[in-house]
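With the sequences and hints as input, model every part of the structure.
As they're listed, the protein sequences go chains A and B. Start counting at 1 in the first sequence, then tack on 381, and there's your number in my numbering. Start counting at 1 in the second sequence, then tack on 188, and there's your number in my numbering.
Please note that a few of the clues may not be correct.
[Stated by the list, open to error] Label pairs and their calculated CB-CB ranges:
| hint | chain 1 | residue 1 | chain 2 | residue 2 | range |
| --- | --- | --- | --- | --- | --- |
| 1 | A | G404 | B | E224 | 24 to 30 Å |
| 2 | A | W499 | B | E259 | 43 to 49 Å |
| 3 | B | D240 | A | Q478 | 28 to 34 Å |
| 4 | B | G264 | A | R424 | 22 to 28 Å |
| 5 | B | M189 | A | Y436 | 40 to 46 Å |
| 6 | B | Q205 | A | E518 | 42 to 48 Å |
| 7 | A | Q478 | B | E224 | 30 to 36 Å |
| 8 | A | A496 | B | G210 | 53 to 59 Å |
[Claimed, not checked] If you want the ones that stay clear, here's a sample from chain B, every Cβ over 12 Å from chain A, calculated:
| hint | residue |
| --- | --- |
| 9 | K211 |
| 10 | S213 |
| 11 | P217 |
| 12 | K233 |
| 13 | S246 |
| 14 | L252 |
| 15 | S255 |
| 16 | L256 |
| 17 | E259 |
| 18 | D266 |
| 19 | E273 |
| 20 | R275 |
| 21 | A280 |
| 22 | G283 |
[Unchecked claim] So, partial list: chain B residues that the calculated Cβ filter (under 10 Å) puts toward chain A:
| hint | residue |
| --- | --- |
| 23 | I197 |
| 24 | I235 |
| 25 | E237 |
| 26 | K285 |
Hints in this document: simulated from the structure, not taken from any laboratory. Bear in mind the structure is a predicted one, so any value in this text is a computation, not a measurement. From the three backbone atoms N, C-alpha and C, an ideal C-beta is built for every residue, glycine too.
In case you want the letters, here they are:
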Amino acid sequence: MKRPNLLGICCNWSPWTCLNAAGRTNLQLPPNLRIIRVMCIGRINQALILKAFEYGADGVILLECRDEDCRYGPGPEVGHSNVQLVRSLLDLLGIDQQRLVERSFEAHEKDRMVAELWEFAERIDAMGANPAKPRQEREAV
Amino acid sequence: MDSVRITKIIRDNALYQCLECGKCSAACPRMLAGKEYSPRLLAQKLISERDDEAFIESSVWECLTCSLCQERCPSGVDISRVILEMRALLAAEKGLKGYRAHDGALHSVGRGP
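Next comes the structure, spelled out in structure tokens:
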């Protein structure tokens with residue numbers, strides 16, 4: 382099977398600092414993971430997460446700051462409630478809820494971040510393709 | 189170094205508000221005197237690269253705590269307060285005394301001829 386498409390939505394602050402640090406120390410990230418940088422996870426709404434699944438993502442991971450570290454205020458809390466709501470929708474759509482993950486990091490936790498990303502990639506790999514994907518994409522190997 | 193306590197110091201003093209503009213480094217009298225010293229880099233290392241203990245330790249003890257960095261900081265981060273708390277942390281952890289500050293200059297005056 383083709384490798385699953387993974388999408389990471391990454392907050393510009395603590396998680397992005399982690400990613401930078403991981404890059405500087407040459408830590409390997411899952412090759413099929415694409416990262417989109419946003420200023421804050423609170424900026425992402427439910428429609429954007431669902432859009433990712435609609436366009437054929439097999440797993441989406443939200444990388445965010447810890448609740449008390451948000452540079453703007455309520456960003457991660459907005460993220461939590463969005464994830465809750467999108468998860469209930471995913472259930473209705475027949476997509477496994479485990480395909481949407483959120484993780485929060487402090488700026489120095491690069492090793493934990495890389496470990497979590499690999500764990501996420503392996504879990505989605507084991508789950509296989511997203512059943513709600515457009516058929517052409519599912520059949521293209 | 190105790191990562192949990194460093195995180196607490198960072199949160200208490202809102203060090204995450206640092207924009208890396210470098211005004212603190214530009215204002216720092218140590219920097220103006222030509223020493224290799226940068227409050228901005230210290231803040232960055234505390235936030236993201238805590239494994240560089242040698243750098244953090246030397247920077248923390250070299251600071252003059254003149255508070256000029258805090259005066260100039262557009263985000264209102266009190267770096268000298270962070271440094272004082274870091275000194276307390278390092279002193280407690282490694283059994284050091286306050287006279288490590290300022291490269292031991294004060295201590296050498298107090299010792300007499």
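Violated hints, by number in ascending order, as checked against the structure: Violated hints (numbers, rising): 3, 7, 8, 12, 23 and 26; every other hint is consistent with the structure.
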